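Line order of the protein sequences matches chains D and R.
Going by the numbering used here, the first sequence opens with residue 1, and the numbers climb by one from there.
Going by the numbering used here, the second sequence opens with residue 1001, and the numbers climb by one from there.
In short, the hints are calculated from the structure, not lab data.
Small disclaimer: the values here were computed from a predicted structure and weren't measured.
A virtual CB, placed ideally from N, CA and C, is assigned to each residue, including glycine.
Worth double-checking, as some hints may not be accurate.
[As the list claims (entries may be wrong)] Derived coverage of chain D by chain R (criterion: at least 3 residues anywhere in the stretch with Cβ under 8 Å from a Cβ of chain R; other residues may be distant):
hint, stretch
1, 119–127
2, 137–148
3, 162–173
4, 236–248
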Amino acid sequence: MRFTIAWRLGLVLVMVGLLGTGLTGYFAYQASREQLLKSSEERLLTATQVLMRQVTVALNDVKADVRLIAQHPQAPRILQRSTAGFQALSEENVAKIFEGLMVVHPEYFQMRLIEADNHGMERIRVDRDMGGLLRISGDDLQEKGHYPYVFETLSLPPGSLYVSRATINHETGAHAGEGRPALRVAAPIHDARRNAIGLIVINVDLQGLFAQLAADLPPELKLYLANGRGDYLIHPNPSRSFAFDRGQVARVQDEFPAMAAALNGSQKEESHLVTSNRASDAEPLVAAFGIRTIPDMEGNDAFVLGLSQPLESVLSESKQLASITLGIVLSFSAMTVLLAFFLARAFNRPFYRIVAEIRRFAVDGKIGNLPVNRRDEIGELAHSIQMMEKQIQHQIEDLQTQQEMLDHLASHDSLTGLPNRRMFLDRLQHALARAKRQNEQLLLLFIDLDDFKIINDTHGHGAGDAVLQAVAQRLRALLRESDTAARLGGDEFIILFEGTWDDAQIEQMVHKVQTAMAEPIPYQDIELHSGGSIGYSRFPQDGSTSSTLIAAADQAMYNCKTNGR
Amino acid sequence: MISASTFIAACRRSIVSVAALLALAATPPLWAAQPVLRVLAWPGYAEPEVVQRFELEHQVKVELTVVTSDATLWEKVSAHNHDFDVFAVNTAELQRYIAANLVQPVHAGNIPNTHNQLARFRDLSAIPGLMHNGKAYALPYTYTQMGLIYDRKQFRPPPHSITALWDERYRGKVIAYDGGTHNFSLAAQSLRLDSPFRIAPKDIPRAAERLIELRRNTLGFYTQPEESIQLFMRHGAALMFANYGMQQVQMLKQAGADIAYVIPQEGALAWLDCWSITRDAHDPALAHAWIDHLLDPQASRLLVERQGLSNTMVDDSNGQPNGKPLWLEPPEDTIRREMLWERIRSGDRLTRVLAP
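Start from the sequences, fold in the hints, and give me the full structure.
Written out as structure tokens, the structure is:
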């Protein structure tokens, strides 16, 4: 295949097409991937925010429970100790309330009423134990006055609440809650004189609480919870939860460096979105974190709540997208190649046809079948070429005509139409050569018009011309096809006869010519009388070259004229 | 519309990622190269810049675990010995580690910085508890006395006895340390028992009862120095048992508290913390290098400047008041002390505390 313009054009088309589809595909993929990532980040962020709201709601529920009991008239009465019977009944009732609430709230580890006196003695305590609730009494009740949730709560004004930091419960005898992460929500109980005389505490199972909240999350989403310093309280990898309780450090900002600014800064209550880039010890994640200060919490601490999703699972959709995009790009590329091929062919064909036609025209000059009926540029080109061909054809014909005319002019006498001296000499040469070759003879008649000068002078040049024309006419009538009559100039004519002539025949011919020339010539209203002196020479008798032959004939004519006069 | 620069950037990205892949294929994986040294230390013993320098100089990663009580330290080293390489322990505690075969000898000859130590810390055989069968099992690092910190506005005159912790006038204004071994020693001191480190079985109930009384007199208990400072400041405490000694004094003064430090007449418990290497240490040579590193001028200086502790290089009591140091000795039964203390701290009354 030749590397023609059409194919080059085709190639360019293919390249442009491939580049176009390739780039479109690539950027479409890139944009969709970004979009996917963004939308999944937004999804995570929304989920985190929802979860955060749920946490607040759940904590508010706990607070409401604590406050409800702390502000119940029964509570101060128990602490102020009335009669033993009434006391026992009251305690029984409150314990029932505790148990009722703990049945409804499986995330409650423990509910207690603690008095301010007796070193923070527990008065009513219900623990959750394996499979059930346990009313703790007697010696098993403990003094808790030295724990922050007691002394901090007791220092609060009426109506306030205390929420402890999330810690591992190291208090012995705490049953299900022992050694487990817990949050303590407490409210002080005041007497009529607004003295804090005790408190209500609920130990909330941190993991249980969050497990409930996170139960509806898709399984690939992992939950993170940290305190305001970033220490993990809940982490997909349990060895990172409560690392500070084991003297180690595992913090959000170490795993997700983008969180450092948010955690160190004072701008809390914000949602932050980050993507973990630390692929060294874990798979890359997309994670959304929210920070919320928990009202009433010890030290104004905050919760950092986060959800993560493996980047892999976010991008799995984009992988699918990539393969679809690739398929589209490939099929479009194939279509481009095919299209370019057909286009190149469609483009090539009329050109080849035009070129073939032009070649043919060059050879035979005939206008061929050009695609002139097309209404496009090729049609226009074909049309132009056809016009040009026609023009060329026309000009060539003109040239030929002119050439012929010129040839005629160069070899004939314009007045009489007889061959001129040049042409005659040419023919004589040819005839001589032929005669010499074939041992034939030639006869030359030299004719000179008599009285031509007188006619010219008397009747004008028009008469002279008429005479010359008439003589030529008559000579032509006398001759055979093979004979040549010519005007040598002025009033001199010469005739060449081929073939063998005897004297009688020559005399007869001379006579015929003389007779023909003696005939009067009508000119306008008059008749002109001329006549001719004739001399002849023969080949080979009188000479062997054209000049000698002509000279001999001329001489003979001269002799004749002289003698005749 | 795709701009040329975006296109070029895209191309460059792909080139870069290809190059990164090639580079990745050419270099050995990182995790194959970097060993890890697992360190157990007390707060302030291994400052971040000290750790960082060690990591750089030895091309290792240091995994630091901070302990805040002897019980925790024992639990870690005894139950997870192979998870740690080197740890800081006081001379009294070291005894039971040696007895339980949890540590291996330390070779001072491999630790050049020991030459800079004071003579009394270089003579290892003269320090009780370091040697066993002629081999040293730890090298001294830092020491302090555990005195009393008091608020100068609330105490006039200053407390002179350890019994001030029990003084009912300061109920709810006393802060104590959450550690069974020391607290039983304090109880023994306040009961004027013969030795705070060897409480006779018959005296255990008295000591436990004394600690219940302490519990009832305190505001709360702390484990970390920061925690103690926060408690002290927030609740206007009057008296605090300084388990971390001068470390806490320094921190409180920085926090702006008007406090003073006193060594009670009964004498202050004093600890000398040493670096020791676990039996199952992965790389004992690296552990020796760590000890050497912490005995160098930078780490030693930071101990004094930042923690208020004394190092073993300079003979300067660092402004510590004079008083009889009671160098810690192995107690009669640490496990029992800790078990009882857990119950006491949880709020149990004497009958429950002493229950089997």
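>> If you count the residues of the stretch 162–173 of chain D with a beta-carbon closer than 8 Å to a beta-carbon of chain R, do you get 3 or more?
In response: holds (count 4)
> Do three or more residues of the stretch 137–148 of chain D come closer than 8 Å to chain R, measuring C-beta to C-beta?
Replying inline: Coverage by chain R holds here, the residue count being 9 at a Cβ distance below 8 Å.
> According to a criterion of three or more residues whose C-beta lies within less than 8 Å of a C-beta of chain R, is the stretch 236–248 of chain D covered?
Replying inline: holds (count 3)
> Mind checking, does the stretch 119–127 of chain D have 3 or more residues with a CB under 8 Å from chain R?
Replying inline: holds (count 3)
Consistency note: the structure conflicts with none of the earlier hints.
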